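Q: Protein chains in written order, with my numbering: chain A, 1 to 459; chain B, 1 to 459; chain C, 1 to 459; chain D, 1 to 459.
Just so you know, not all the hints are guaranteed correct.
The list cannot tell twin chains apart, which means a pair is met if one copy fits it or any two copies do.
[To be verified] In silico SDA-like pairs for lysine to any residue, Cα to Cα no more than 20 Å straight-line:
#, residue 1, residue 2
1, K335, Q32
2, K346, A263
3, K150, E125
4, K146, E121
5, K344, A263
6, K190, G372
For the record, the hints were derived by calculation from the structure and aren't laboratory data.
All values reported here derive from a predicted model rather than from experimental measurement.
There are 4 protein chains.
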Amino acid sequence: MFGEIHEECGVFGAYRVDNAASITYYGLHSLQHRGQEASGIAVSDGENITLQKGKGLTVDVFQREKLDSMVGRLAVGHVRYSTAGGQENENIQPIVSKGHNGSLAIVHNGQIVNEKELRIELENEGAIFQGTSDSEIILHLIQKQKGTLKERVMKTANRIEGAFSFLVMNEDTIYAVRDRHGLRPLSYAKSKDGYVISSETCAFEVMGIYESVDLKPGEIVEFHKGIVKHEFYSTNTDNHMCAMEYIYFARPDSVVEGINVHAFRKATGSILAREDKDLHADIVIGVPDSSLSAAIGYAEEAGIPFETGLIKNRYVGRTFIQPTQAMRDRSVRLKLSPVSSVVKGKSIVMIDDSIVRGTTSRRIVQLLKDAGATQVHVRIASPVITSPCFYGVDTSTKDQLIGAKMSVEEIRDYIHADTLRFMTEEEMKEATHGVGLCLACFNGEYCTKLFSYQEELDK
Amino acid sequence: MFGEIHEECGVFGAYRVDNAASITYYGLHSLQHRGQEASGIAVSDGENITLQKGKGLTVDVFQREKLDSMVGRLAVGHVRYSTAGGQENENIQPIVSKGHNGSLAIVHNGQIVNEKELRIELENEGAIFQGTSDSEIILHLIQKQKGTLKERVMKTANRIEGAFSFLVMNEDTIYAVRDRHGLRPLSYAKSKDGYVISSETCAFEVMGIYESVDLKPGEIVEFHKGIVKHEFYSTNTDNHMCAMEYIYFARPDSVVEGINVHAFRKATGSILAREDKDLHADIVIGVPDSSLSAAIGYAEEAGIPFETGLIKNRYVGRTFIQPTQAMRDRSVRLKLSPVSSVVKGKSIVMIDDSIVRGTTSRRIVQLLKDAGATQVHVRIASPVITSPCFYGVDTSTKDQLIGAKMSVEEIRDYIHADTLRFMTEEEMKEATHGVGLCLACFNGEYCTKLFSYQEELDK
Amino acid sequence: MFGEIHEECGVFGAYRVDNAASITYYGLHSLQHRGQEASGIAVSDGENITLQKGKGLTVDVFQREKLDSMVGRLAVGHVRYSTAGGQENENIQPIVSKGHNGSLAIVHNGQIVNEKELRIELENEGAIFQGTSDSEIILHLIQKQKGTLKERVMKTANRIEGAFSFLVMNEDTIYAVRDRHGLRPLSYAKSKDGYVISSETCAFEVMGIYESVDLKPGEIVEFHKGIVKHEFYSTNTDNHMCAMEYIYFARPDSVVEGINVHAFRKATGSILAREDKDLHADIVIGVPDSSLSAAIGYAEEAGIPFETGLIKNRYVGRTFIQPTQAMRDRSVRLKLSPVSSVVKGKSIVMIDDSIVRGTTSRRIVQLLKDAGATQVHVRIASPVITSPCFYGVDTSTKDQLIGAKMSVEEIRDYIHADTLRFMTEEEMKEATHGVGLCLACFNGEYCTKLFSYQEELDK
Amino acid sequence: MFGEIHEECGVFGAYRVDNAASITYYGLHSLQHRGQEASGIAVSDGENITLQKGKGLTVDVFQREKLDSMVGRLAVGHVRYSTAGGQENENIQPIVSKGHNGSLAIVHNGQIVNEKELRIELENEGAIFQGTSDSEIILHLIQKQKGTLKERVMKTANRIEGAFSFLVMNEDTIYAVRDRHGLRPLSYAKSKDGYVISSETCAFEVMGIYESVDLKPGEIVEFHKGIVKHEFYSTNTDNHMCAMEYIYFARPDSVVEGINVHAFRKATGSILAREDKDLHADIVIGVPDSSLSAAIGYAEEAGIPFETGLIKNRYVGRTFIQPTQAMRDRSVRLKLSPVSSVVKGKSIVMIDDSIVRGTTSRRIVQLLKDAGATQVHVRIASPVITSPCFYGVDTSTKDQLIGAKMSVEEIRDYIHADTLRFMTEEEMKEATHGVGLCLACFNGEYCTKLFSYQEELDK
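Could you build the full structure based on these sequences and the hints that come with them?
A: Put into structure tokens, the structure is as follows:
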């Protein structure tokens, strides 16, 4: 909901591809919406792994000179959103270990729920951690297993529980691994000269590749000696793709589990409109950017004009100054501006993808009314968020979630909407045509044990 | 057309407003779409004028500390797009002159056509120029006139010909001046404690101000001793608002000469659709961002679904690396990505705002066909560009304009569109409900003498 | 006196020299002691003048790429120390004017005393000033004269009064000009392929050139069509080389008016020792770096061991944090450290080049006593500073000069020295073997009218 | 020898000191001569350890804001010189491990000779290394031992062989450890409110502290609950202070093993002069900065004037551009300039601290002769370097050492000196008054086993 939810990462890999670092740079650029705080690439020339990483957008971290110095045909890269407490440089990925008989680079998207237990176990066995990222845990687990690298990676995948899609690269091989619940997406595609691996398919389309393969839950894919081998490290699998990937994170041009994200969003708008037969509004607007598809779908179904009622300021820059006290309550305005000539005197249906804390929704409704809207009917293209996520989405703690504390009517009143409606879970499922979803943030039904997070939840 | 046309500037002023530098910062942030290369603010505390400027986005040039150090209740600011040859620091505005009996700060949007003649005249009289910006000329002209500051500004406005909206500030007064043809917009509004002046009204809406006054062609407005005085420095005026402001530059939430920009764009789409009764396409798409409004208008009128067929990558960063040779021909992809699941197997109407050189259009059509579109019908929401602009728009020289060299059918063939249609001038006028427009880039009818530029044109 | 006095500038030029920008870069690097705040180079390729400048050391402002982009065989460059009020970018030199029939670049070292009068006169004639540097005045004066460039430069040199050594470059010629009192040094030398011009000869020695020509007071030297022509723009000349160049500013390896700076300083130490026949100290130390030569001279003459009693920290970096309140009184320590094992239990002669405000001297004496020195006899290798300088040295205003307020005995008491002695003017002259000196800061005898500065002085 | 030898590190610690991070900042500033490539500080507030580090000088890595954010009364810091292959960010110290029951920060000066063996052993037990620094090994060893932290640190100190002085900090305790051969210095001192620990005593003098305690070889000092406890982790100790600390690295104001560094250097000069009774030179000069003390000692003993014959350019900046091909052979000039008026026509004794590859010496002699010196008698204030160092000094590999390949006469011929003499080992010992020295680089007698480095040496 407009800056309130954050995905934690995107991963990209390139196997036997010329200028692997450059290709990864472009791939990460396409995944930038999944994380803007830091970016890194590790490249292998067959003998050595070189690492470059830093804070900022991929295009700012990597200059031409830096990229040119990264020679090799294998690479893994990462974009990262970091939560408040974890902005240290130590957590920027890839994490690389340098051993006497070789190096390993790892990039990881997701969140491991038995992270605390594993960390303690590893430390008790003498491991030291320099950062707080899950990737370091995965690296330690791989290191302490016995067997070939593939066996060690598979054993590791069986030790960790939660949401994960990770890539492991040594000098000449890449392994791609997806968790057994399928919580986070991961796909690969054949490129002209090799293979590319990505959190989202949009990175392939940018390269002119329109066909790709999704990893299945519990699957490990090996890229070695030019051959791609699929294998399952676990047979205990199920299908729980994160619903928020469809609702908010993924780029509209990505295809997640066979469903195009834009098409999904349009369908949610359409479904919302279906139930609004009696609502006679003048125009339909969406909160940019993620809710525009749903608004278009709603407008089409309802036969009400779709309008551009809110404009998003694109020029965020590196350092946006917090507004002074006097401007504080108007801070939303700096990022989002109402089009008064569009909304003035109008009864409006405003589509948003979700409501987290309610404060932003409240401000946007206010913006529209200040600009002259007579009525604002808020329609949310997802169910009420009632529970925190432990699978890699930074929503909020339970006590900050307005949906955990208020009824829909109370929320409506709080945000000053004339009417308010959310989607049901059933409607969500309809929009994904039966793809198995994780709806834990809506219904509290987590598909894994929560380990130490259970306590946090119980509070 | 997607990165091919550039406006040169935006200006903002604040008069008797608390924290004038901060307000100007927010104002410039709203005008950032008019120029992203450099930004500057001059502030007066009643006795001294302080200047800060630099390359980059407003939010990157000004840190909190820098803003806090700029004390005062009067300010003028500027955002700038700089053409290839003029990126020197000397040209970043405001330009400030420091004299023994006071300072003057000037910010300017537009282009002066008798610039070369004035420059020679001034130099012959002993003036020295440190940069190549028009603002320095204006400053010199003001300085050499006799009389009060207001008289000198008015005389200056009568000496310069072309497109201009400029602000002049001394320690306690601001003058806002608009050219006598009304080529560039300029408005002001009452804020809570004073007045704000802006190239576009969107900057007011961001501040919660929904009413504003446009300067008329040939007008000078004085902000002095708390009073606002309107006056005409010339009676020889006409109405020639730059059509490109509506078509491409202005933000959709701005109101230009009483017409909302989004509404204008939607109307152009609607008019285009009106003539396409016999075209039976599956979907309508727009080239983001400037052509989306027109596409929505087209879809509504034609009764064909509006779809998100192209995604723009928002994360441009400070330094985007030029793709390597191998990636060269795919460079458009990095900024614009087709949604293959939307366009595959579809007959598409693609709305774009204009065609300049044709190369980008050609690439976008190719993108869509590669992604599976069966037909691409290109509709341009403006007439054919046949002539260069000398009023502040960086289109291209005549020999680079595809419309100056090819017929519409030849252009269609070049860009590989299935069909191609432009708007007529009459249709443009219809969409602006009779606002007087400068259509020189379409029809070669310049509303001023061109002075030294005439030669350039005649070549 | 250790960070209390500042020279304002150094200039360097290269005429018909391959890679003139690189040569100037190295030249400025050798002159860096004359100014560390900003640096700039303008280069001419015979047709155009390119300018690059910025804040910081020459080696930090210019990267390889930037230098390589500056093609041409003529160049002028500048290093600058800026006084508190004038750190704006507008004052960084070279200042370049860009006219329709050519450009001019100017670099200037010194201070013009009729600056205010000229500024008013020029402004009244319509000139505008963007900065506060003298260079802009010189540029304006040149521009408004009639005649050839050489004639205009000569007329300009006759209009300005004070201390100046400046270079003017157009596309194919360089003029070097020195004030008619000879207050600031300026020399040139034949290089392998052309000529180099410099504020100090040390820049030549760095290039392996050991022979150079000093400009005489009132002289202009033209470098044009490969020929060097000397001419006098004034016959009303005298010899007043700034004594501080010898005492503090110039690098020890420079030769100023035929006298090597190190040799001069050693001689002052020797002269000081001559008068101290009855002083029986254990060791002689100098305040690094400028007073070491004098200390060596003293030790040699007195037959007392020269010791390293104070160590200067070389690693100043770009941004030295001001010590917290608790550390405030120890701030000198961070730059200067006593060698306790050297000074402990010793009676010391401490040589310093001058005393300005007295605060630093007081702290250094304290440092030495804290470290165990039993006696500290301070000897100053120059007379008492009693008057401000208006010729380009940033000492202090009169009320800050301890020598203007206290007797020698009072100063001795204030700085807690056991004994204190300054040189006499006669001794200074002895050390320069009769070179004509400006001793205004010691005796208040200014060799020019002071114009508006007279008032400042009279206060 | 003027930029050819590099020390690898300096460490500083603060225990129960207000603003420990600021104090450490000033301490590291005093140790900057031991490493200029990177700098870092870890601070503990009793509960958490905060880490900040980066490339560059201490004063550039730490801004006021950053320091202020580092709250706590315990801190350890590090300055680092990094060899060509190890400039990665991963190697910047402190290295901090973050465990579920606490954090550890480590800073280390020296070189561990059984590093490779330990690394393999640790990796085989599952450890992963993210960098290549010895500190990570020490951290791993501490982590895998059993017992209290002190016991683990002591066991670790017994596992590592070579040169080391390291500090380990957890939330409330600091341990300082010195290797059992005493190869690297480490001292601590009582400050007003707590204790400070430093590689060199000069850091204490800067704070006005003139008394300090050296750790003995094999000693561990615990700072815990306000108490300082000394203990030996090994009884198998000997005294082998690195001779290069005296000759080149340490600051002249430091006291190493009771001997002031400046006094040592002066003594070496004096000893060199003693053997030169028959040499009748005109002047004595030293290569700045490290050889000036010796030159002063020589001059005093020989009764020949000490002169400033070479000037060092202080303004190195962050990025010094490599001279172009044409300037290549003159590159020494940019850092070192002869004073021609001092050396011209003179017979010179030039004191340098050492000769490594001979190329720099050759260039300096050439500089002096070009500037007019008639004779250059080179005296080296240390013996001939014949063997590489494995204890933390980056001299060179054996095949690059001129002393390993040539006789003294051949070296003299190569560097074009008129005469050349080195000190003997006996004379070195005389200058240190019997302090036990490591002279391995002179005589190849290493005080430890060399493990994997033995092979390197045998080649």
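Q: Now, for every hint given, state plainly whether the structure supports it.
A: Cross-check of the supplied hints:
Taking CA atoms no more than 20 Å apart as the test, K335 paired with Q32 passes in both settings, with 19 Å inside one copy and 12 Å between copies. Taking the shortest Cα distances, K346 and A263 sit within 20 Å of each other only across copies (14 Å), while inside one copy they are farther apart (28 Å). In this assembly of identical chains, K150 and E125 lie within 20 Å of each other by CA distance solely across copies; the values are 19 Å between and 22 Å within a copy. In this assembly of identical chains, K146 and E121 lie within 20 Å of each other by CA distance both inside one copy and across copies; the values are 17 Å within and 15 Å between.
When the C-alpha separation of K344 and A263 is checked against a cutoff of 20 Å, the pair qualifies only between copies, where the shortest distance is 13 Å, while the shortest distance within a copy is 30 Å. For the identical chains of this complex, K190 and G372 are inter-copy neighbours only, at 18 Å across copies versus 53 Å inside a copy, given an alpha-carbon limit of 20 Å.
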